[in-house]
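Colleague: The lines below spell out each chain.
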Amino acid sequence: MADALIEMHGIVKTYPGVAALDGVDFSLSAGEIHALVGENGAGKSTLIKILTGAERRDRGTVRLGGTEIEPRTPVQAQRLGIATVYQEVNLIPDLTVAENILLGREPRSRLGAIRWGEMVRQAQQVVDKLGLHVDVAEPLRAHSIAVQQMIAVARAIDQQARVLVLDEPTSSLDATETAQLFALMRRLRKAGMGIIFITHFLDQVYEVSDRITILRGGRLVGTHVTGELPRLSLVARMLGKSVEDVSQTAARRERTTDGEQRECLRASGLFKRNAVQSFDLSLKASEVLGLAGLLGSGRTEVVRLLFGIDQRDGGELSINGESIGHHSPRRAIKAGMALTPEDRRAAGLVPHLSVRENMLLALQGAKGWARRVSVREQQAIADRYVRALSISTPDIEKPVSQLSGGNQQKVILARWLLMEPTILMLDEPTRGIDIGAKEQIESLIDELRSKGMALIFISGELDEVVRVSQRIMVLRDRAPVGELTGENLNTHAVMRQIAGEAAGQAHA
Amino acid sequence: MKSQLNRHWPLLTTAGVLVALYWAASIAYTGFSSWFQFAQLFADNATLGLAAIGMTFVILSGGIDLSVGAVIALASMGLAVLVSHMGVPVWIAIPLVLVLGAGFGAFMGGIIQVFKLPPFLVTLAGMFLARGTALLLTETKRIEMSGSAGVRALSSVLVVDFNIAAMVFLVAVLAAWAALKYTRFGRTVFAIGSDESAARLMGLPIASTRIGIYAISGLCAAAGGVVHVIGTQAGDASVAFLLELDAIAAVVIGGTVLAGGRGSVVGTLLGVLILGIITTIPNYQGNLNSWWIKIVIGLLLLVFVVLQRMSQAWGRGSGADSPARSF
Amino acid sequence: MRRSLAQLIWPLVALALLLVFNAVESPSFFHVQFVNGRLSGAAIDVLNQGAPVMLLALGMTLVIGTGGIDLSVGAVMAVAGALAAKLLHLEAPVVLAVAAALGACVAAGIWNGGLVTVAGIPPIVATLIFMVAGRGIAQLITDGQIITINPDSPFTTIGRGVIGGLPVPIVIALTAAIVIAAIVRLTSLGVFIEAIGGNEEASRYAGLNVRWIRLSVYAIMGLLAGLAGLIDTADIAAADANNSGLYLELDAILAVVIGGTALTGGRFSLLGALVGAIIIQTLSTTILMTTFRGQSVPPEFNLVIKAIVVLMVCLLQSGELRRMVLRARGARA
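Going line by line, the protein sequences match chains A, B and C.
Read in order, the letters of the first sequence correspond to residues 1 to 508 in the working numbering.
Read in order, the letters of the second sequence correspond to residues 1 to 327 in the working numbering.
Read in order, the letters of the third sequence correspond to residues 1 to 333 in the working numbering.
With the rest of the complex left out, here is chain A:
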């Protein structure tokens, strides 16, 4: 493209043991909004980090307006004209809006004193030009996240940025705020700015972008003109499938559950503002319910609500026939529930504690501090689960942080299995672990189900959800969009629902 603003070519970035980016090309034109999409581990954030100087590339070239660049810090990238606005706004909440826009370039008197009047006047001009109604003399924190983001954009523009990276800017915005941001983006596009837009929301991709670049597993899947790429194809490509692929993942196991089974979990009209819209859910014993959807579709939010990590804003919930009022993990565990969280490191493991201590944490928590499981018993339990789940550790007294990802995941699984829950929720249990461990976890799920456990299974890998589940609830943009069972349960159908085509909303 003749007027390419950014040209990234053959970008390679390897972290110890992982190829985060493997020869990725990307280009951005002036006056374009370019959506960058992909699931977990696709390499979006690594690509952006390389462009904005937060990381250095191993190989490949980056050109800005034809000249090769290699920013070493975000500040350098800003000087070159590449500005980034993050979901978590990176401005100073306690300084005024005017300062946030002009920090580092404040108008100063000959003695070096900041000229406040002049600064407020200049900043007000910048803000007015963008059509924002903001008093720039107020502190930034007085404004909503949406306005803060637009102020971050204003700062970027005032710094003569030519390239604007918006990293999941709409995640915490409501519909009106999103519309405001989009209006601003279109205005900037008209002014010739190149905008890279990262989002999980497909509707937004189609609403505002000109082109779409899809990454998957550190590789470029393709770049397409938005209007020429049907939603279904987009979803298929993000998930590493092809639409034409008719050899749909076949059902490996019987799909039907015995109608006589006891209902373990019932939620009706459960919702939490800015997290997940109202949903109904029912789960029976000997059943695996899969939650499918793209990253950010609300899968994790559903299980967080069910487990009492977040408090619901409304709706009814009963676990094993017991109606739940004020919810908490302790309450959920008491009612027979267990959850292995999506983020093992942040919410699962206590890194310094041993394999044994991590395994016994929930059981001990439920028993209370005074009734300690004896060390001998703990060792016996830990040994049993190390063998049962074939966890490879030289020693159950090793700090859990020294284990591999797959083994860490199994330790958390063991923590919950030894509680003998009636309901087990697994949020991305197979992410970032090797194939062998994946298969083990899959067959373990099957075994638990056949023993009468009720399970909720979340995975970003469609094949896996389809293989493991009896029933799948599909989520899109933080709302349930459909449920698939029996005959209808195949990857193609799930993809169609994720893409929103079943509802006849195809934009393409």
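Since the hints were derived computationally from the structure, they do not count as laboratory data.
The beta carbon of each residue, even a glycine, is placed where N, CA and C say it ideally should be.
No false leads were mixed into what you were given.
So these bits of chain C aren't anywhere near chain B, every CB distance computed over 10 Å: (1) ALA14; (2) SER28; (3) ASN36; (4) ALA43; (5) GLN49; (6) LEU90; (7) ILE163; (8) SER284; (9) GLY294; (10) LEU326.
Below, in silico cross-link-like pairs of lysine to any residue (SDA-like), each with a Cα-Cα straight-line distance of 25 Å or less: (11) LYS398(A) with ARG185(C); (12) LYS398(A) with ARG372(A); (13) LYS190(A) with SER29(A); (14) LYS141(B) with GLN295(C).
Mind docking chains B and C on chain A? Use the hints.
Modeller: Below, chains B and C without anything else, positioned relative to chain A:
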């Protein structure tokens, strides 16, 4: 307008408390509201006030400085030794002490910055070091200086009842206010306390600013030691024990948020005056004992900390990090 | 067990060096005698005088283990002494005086813990409040006077008595250490504390009662500070609200850090904290006993040494320094 009120309510609360306290004391005690007493309030609290000004910079940046009391003592002894034992003229000795104080602060700031250590621990070491050195300087622990003509001259300066200590204090308030409002350094202090990683991403000079902040705290504490010497005409190694607590209290009561980013030196001035009045009241009220001072200061601290906590719940920055952790 | 021993090596080496220095400089240091039915000598004095800091360090270890800190323990000590002395002055039975004092200290601990867990105030700030107000409360109780206690009162046994040849403060400190270690290691409290300090979010997911555990840790801290305060008061047979426990919170924190417990919480070592407390007291005693060129070293030298120890321990724990050293080595290679 509403947000203006929102933004300034901590300062307004402090001002309200101060006015109410002053008014009540004026009614209750004859002579309390005299001009002389008013000037005396500044003079009596100049050392605390100066330390609190430095502490304002530190707390605004999200740090803490436990060494200020000890630095006051060290500066006081240092000045006395220089002048009385070594015969250094006062006009050389005072700047020298101030520079040493600033250097001491800068050293601590440098360690905090370079090794990424908690300010609380580093300044604790600074406290031990400064207090120990002050006590080790001479065997007497106290040096009378009424013999020094320079010190005597300084101690007799009086401008409309404001003595030199009060004037230094007021000038320091003005200078600190201007520095925080009108210099890039000052705004960077707020930025570091408000969101350090954002400040770094915006290209602000974090390292030099942090070192500067602790240097200012050391400078202010040294100045506090100097005015104490001038006021008492003696160097004293055991002066200002636990003064850092009062300084922190004054800053917090003055509306500066302990987590950093929000506050003002004007508030600190008001906070110091509140502490000053509370400290004076037992002089008038025979049956009121001095320990009530500590309890009242503790209560005021509690009220302001809870108010801060409540206001944090509304703003961004209450954040994901657990408040139940210290570091 | 192996892990905790490995952690203890550096504090133990430091202590050993100090003791060797003492053995060379003042041979009388290890001269322990059995006089009038009690052991005496410099080494015993170290333990005896170090008892309050040992008690504080035990509690502080748990608080720091949860990722918190308690600055108010010195003030709590003063409250304990003041209340006990006042009650004895009013001719209350010794048992009642002791129980009331300890009860008040537990209440103070719960107050601190409540501010941290319920009100959500950071521990440094929350405990700063009682650090300021607590000493005032102690002075309020004593009316600002130093209340003396009849030296013949059985109460003074807490500070001066002897059990089985050992001074009572040592017995109390060791008993407390054993009891706390038993509570923490024989129940699950210790693991819970380490889990909360190591990863609070994961602890919540695992169903731990994070609030309650935090609160109880601050309560235990209060109790131990109360014991330390009683020892201090009984030892001098007087309650000095101004000076009892002054700066001891800092010594206690220092002891914990020397003992290898990170200020960020997580894995903690009670034994390490005890060794840390003993190191601090040995330092003071060493300086008192040491002569330099025929002159005794002024006791204030203690503060300077402490400053250097704090800095060294900080730097050794600093990941940044380790990274710098590694980088320098890498550059050379």
